[in-house]
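Trainee: These protein sequence lines are chains A and B, in that order.
Position 58 of the first sequence, counted from 1, bears residue number 58 in this note's numbering, the numbering being contiguous throughout.
Position 668 of the second sequence, counted from 1, bears residue number 668 in this note's numbering, the numbering being contiguous throughout.
Hint data in this document are derived by calculation from the structure and do not stem from the laboratory.
Keep in mind that this is a model prediction, so the values were computed, not measured.
Be a bit skeptical, because a hint or two may be false.
What the hints assert, rightly or not - In silico contact screen, one side only, chain A against chain B (beta carbon under 10 angstroms); selected entries:
(1) Q16
(2) V68
(3) S74
(4) A78
(5) N101
Yeah, the Cβ is synthetic: ideal placement off N, Cα and C, and Gly gets one too.
Chain by chain, the residues:
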Amino acid sequence: MSQIDQSALDNIRALQRPGSPDLLGRIVGIFVTQTPDGIKAILDGVASGDLESVRTSAHSIKSSAAYVGAIKFSSTMADIERAAREENLALCQQLIEGLDNQAAAVIAELNVVLDQAA
Amino acid sequence: MTSKPANNVKQTAMDPLVRAKPVVLHVDDDVASLLMAEGPLVDAGFTVVQASDGLQAIEQFNEHAPDLIIMDAVMPNMDGFAAIAEIRKSPVGVHVPILMTTGLDDLDSITKAYDEGATDFLTKPINFFIMPYRVQYMLRSKNTADELRASQAQLDNAQRIARLGHWEWDIATQHANWSREVARMFGFDKTNLGGPWESLLAKVESDKRQDVRENAQLAAEGAQPFSLEFDVIGQRENDFCSVRLEAEPKLDKDGVCTHMVGTFQDITQSATAQKEIHDLAYYDLVTGLPNRAQLRESLIHQLKMAERTNGKFALLFLDLDHFKQVNDTLGHDAGDDLLQQVSNRLSSVLRDSDVLSRPKPEEGEDDEAHGSRDTVARIGGDEFVVLLGDINRDEDAARVAERIAKSVGEPYTISDIEVAVTTTIGISVYPADGRDAETLMKHADVAMYHAKENGRNGYQFYSRSIHDQALTRFSMERELKLAIEENQLKLLYQPKLDMRSGEVVGVEALVRWKHPDRDWISPSDFIPMAEETGLIMPLGKWVLDESASQIKQWINSGVGTYSVAVNCSPVQFTRGNMISDIANTVRDSGIDPSLLEVELTENLFLHNIENGIQLLSNIKELGVQIAVDDFGTGFSSLSYLKKLPVDKIKIDQSFVEHLHTDSGDAAIVSAIITLGQNLGLSVIAEGVENSAQLDILRQYECDEVQGYYFCRPLSAEEFEQWLAERSTPLSKTGTDN
Numbered sequence: 001m002s003q004i005d006q007s008a009l010d011n012i013r014a015l016q017r018p019g020s021p022d023l024l025g026r027i028v029g030i031f032v033t034q035t036p037d038g039i040k041a042i043l044d045g046v047a048s049g050d051l052e053s054v055r056t057s058a059h060s061i062k063s064s065a066a067y068v069g070a071i072k073f074s075s076t077m078a079d080i081e082r083a084a085r086e087e088n089l090a091l092c093q094q095l096i097e098g099l100d101n102q103a104a105a106v107i108a109e110l111n112v113v114l115d116q117a118a
Numbered sequence: 001m002t003s004k005p006a007n008n009v010k011q012t013a014m015d016p017l018v019r020a021k022p023v024v025l026h027v028d029d030d031v032a033s034l035l036m037a038e039g040p041l042v043d044a045g046f047t048v049v050q051a052s053d054g055l056q057a058i059e060q061f062n063e064h065a066p067d068l069i070i071m072d073a074v075m076p077n078m079d080g081f082a083a084i085a086e087i088r089k090s091p092v093g094v095h096v097p098i099l100m101t102t103g104l105d106d107l108d109s110i111t112k113a114y115d116e117g118a119t120d121f122l123t124k125p126i127n128f129f130i131m132p133y134r135v136q137y138m139l140r141s142k143n144t145a146d147e148l149r150a151s152q153a154q155l156d157n158a159q160r161i162a163r164l165g166h167w168e169w170d171i172a173t174q175h176a177n178w179s180r181e182v183a184r185m186f187g188f189d190k191t192n193l194g195g196p197w198e199s200l201l202a203k204v205e206s207d208k209r210q211d212v213r214e215n216a217q218l219a220a221e222g223a224q225p226f227s228l229e230f231d232v233i234g235q236r237e238n239d240f241c242s243v244r245l246e247a248e249p250k251l252d253k254d255g256v257c258t259h260m261v262g263t264f265q266d267i268t269q270s271a272t273a274q275k276e277i278h279d280l281a282y283y284d285l286v287t288g289l290p291n292r293a294q295l296r297e298s299l300i301h302q303l304k305m306a307e308r309t310n311g312k313f314a315l316l317f318l319d320l321d322h323f324k325q326v327n328d329t330l331g332h333d334a335g336d337d338l339l340q341q342v343s344n345r346l347s348s349v350l351r352d353s354d355v356l357s358r359p360k361p362e363e364g365e366d367d368e369a370h371g372s373r374d375t376v377a378r379i380g381g382d383e384f385v386v387l388l389g390d391i392n393r394d395e396d397a398a399r400v401a402e403r404i405a406k407s408v409g410e411p412y413t414i415s416d417i418e419v420a421v422t423t424t425i426g427i428s429v430y431p432a433d434g435r436d437a438e439t440l441m442k443h444a445d446v447a448m449y450h451a452k453e454n455g456r457n458g459y460q461f462y463s464r465s466i467h468d469q470a471l472t473r474f475s476m477e478r479e480l481k482l483a484i485e486e487n488q489l490k491l492l493y494q495p496k497l498d499m500r501s502g503e504v505v506g507v508e509a510l511v512r513w514k515h516p517d518r519d520w521i522s523p524s525d526f527i528p529m530a531e532e533t534g535l536i537m538p539l540g541k542w543v544l545d546e547s548a549s550q551i552k553q554w555i556n557s558g559v560g561t562y563s564v565a566v567n568c569s570p571v572q573f574t575r576g577n578m579i580s581d582i583a584n585t586v587r588d589s590g591i592d593p594s595l596l597e598v599e600l601t602e603n604l605f606l607h608n609i610e611n612g613i614q615l616l617s618n619i620k621e622l623g624v625q626i627a628v629d630d631f632g633t634g635f636s637s638l639s640y641l642k643k644l645p646v647d648k649i650k651i652d653q654s655f656v657e658h659l660h661t662d663s664g665d666a667a668i669v670s671a672i673i674t675l676g677q678n679l680g681l682s683v684i685a686e687g688v689e690n691s692a693q694l695d696i697l698r699q700y701e702c703d704e705v706q707g708y709y710f711c712r713p714l715s716a717e718e719f720e721q722w723l724a725e726r727s728t729p730l731s732k733t734g735t736d737n
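Modelling step: build the complete structure from the supplied sequences, incorporating the hints.
Mentor: See below:
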């Protein structure tokens, strides 16, 4: 099952201005480059109990994930952000189960998009 | 994450009015948002500047002065809320529209965004196609608000320059709003632009406040415009503002006045300027005195007053003899100096309250209240005019003229040189010498030339008869003063007899004046003048002292113990210190005070019975006797008599005169005697001239009698001799046994 809502990517394509650098490529590129670091910060944060770090990282990934159409992933990030804001470590621990795999799936799918665009 | 057209932005950043494209600062830590928003915003005609957190946002804001800010809420380093708060603190940032972007689920953030000063918000995920429209809409609103602010500022400025403010008064709520310029005029804080209507009225000068309140109320009720001028009192003392109020009614659809609207114009400066113009036109620059024009106005005012009150006033026209020599020898500056000194002396003569015999104004009452005032004016080179308002007698003008001549004639020191000038004065008197300004001025001038013909340094009335009469009376006044000082006055004594025993019980002291060049002068010729001029005070004191001394002398020389009655004028009580005069006489002479009797007339307590009682009580406390003189002629009601602490009443001689021929007079005399005796008072009849009168008085059981039938007024020596020769009391009647 696809992790990516293609209409979101279409929206980005529609924002492309003639003569400008490839917008979709740049946005997806930044996402696939930066997201693994963000995920690592969340996992480390939950492990060490640094929920502030968890919250900011989750917030950051949440909105960019939404723009690239990773709706479910974005929603997971929203859950984690809320749990971290509420300082619910147990819930955070629960929510990060399988997060690695989910992120990898999203990134893999977006890498395909990048390849097509290139 | 820097602005793309950075160079262009920098050139025009600080002047939003001249730059071609509006600048939008987009702040978000999410690069994707920045990238996606940029295209649509640029397409919509904006220059885009970007920042990735609050700190950067403030830097960019300071550098580019954006027309609008899109601000993410949650960001690292400094979040959007803190950045907004910071930006709103700067003067440039107060009004810049800020569009906050927040997560849809974050209601707290939305509330907080508005609290910190966000203009509007967008929820994420953002629709970047719609965003530019939102931004454009916000900019239009902002521009409209800017224009409003600019036009408000322009209006404020225009009003400030014009010193004009506007206001509106809601009749129903009594609330008023006013512009900043009104706040300035009324001394309010510049942010205080509304409040109760009454708070404006409270600042109006107290004399006019009720007037303004009523005019406004009437105008509102009648839906009429009105205008008024008054002073507004500021924060500090002596800080005031003259304003002209113009007001018009504002009607609702039924024609009912719901509001009054209007303006206040600050006319302080024009009022001051008007006064300066007035001063230039009406005052002499050298001396500061009123000039001919002002004199003319004062004179016309005085004429109106005098016509209304049948008053009398005098115009003194004077010039300086030999002024031209001073001017020619010492120069114009010296001449001006002399004129100033002369004007000071003229003013000072008029200020001297002894000069005129007119009553002093009551406390809190100024000369204006009397409708008259004295004016000294300089009407030409060395010509001055003194307007003496409201004189009682012509000799008042003579006295002032004499004082002026004396004062002006004293030497002057001009540039260390002693200078002497004299003045010659012509006097015209209203109404005798003229009933209009021109005639009075002309006649005073003519009089002055007559005075010069008669020798300088003098004064002359226009009318020969007034001149002679005034001089006679004026000289008589001086002579009476001298007479009191030099003991030319003398007391005569008329005996008073006890009706039953026929014994002499006392005498009434009557003052006579032996003029050195003339014969005896009757009291009726000089007492009224003494009362008018105030000479009655030293005269009255002399009579008291002389009487006391006579009482003592008769006792010491064995002639007998006789009481002496002295007549007192109401003037002595109202203008003098009669009580302390009596006390001093009693103390200094050491006589038994009950031997001194003061005779007062009814009209002393006619106007104020309470004061009269107080006065009489004060006299009684001194131990002297009190008799009511001329009883029956003044006060018609006898009821007051029982309240007065008097010892004796004296039946007026007009009743005694016809006692034996007029049954009406007889009835009055009988009634007075009965009434007096019932009140425990002693009753004396004066002016007894024949036996018929005496018989009736005896029949009515009058206590004492006095009159030519027994004895005329005698000198002290004659009285002693009369006593010695007198064998049988009341023998002349031949009816007693």
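Trainee: Decide, hint by hint, whether the structure agrees.
Mentor: Evaluation of the provided hints:
{"no.": "1", "hint": "Q16", "result": "7 angstroms, holds"}
{"no.": "2", "hint": "V68", "result": "7 angstroms, holds"}
{"no.": "3", "hint": "S74", "result": "9 angstroms, holds"}
{"no.": "4", "hint": "A78", "result": "7 angstroms, holds"}
{"no.": "5", "hint": "N101", "result": "23 angstroms, violated"}
Violated hints amount to a single one, hint 5; each of the other numbered hints is respected by the structure.
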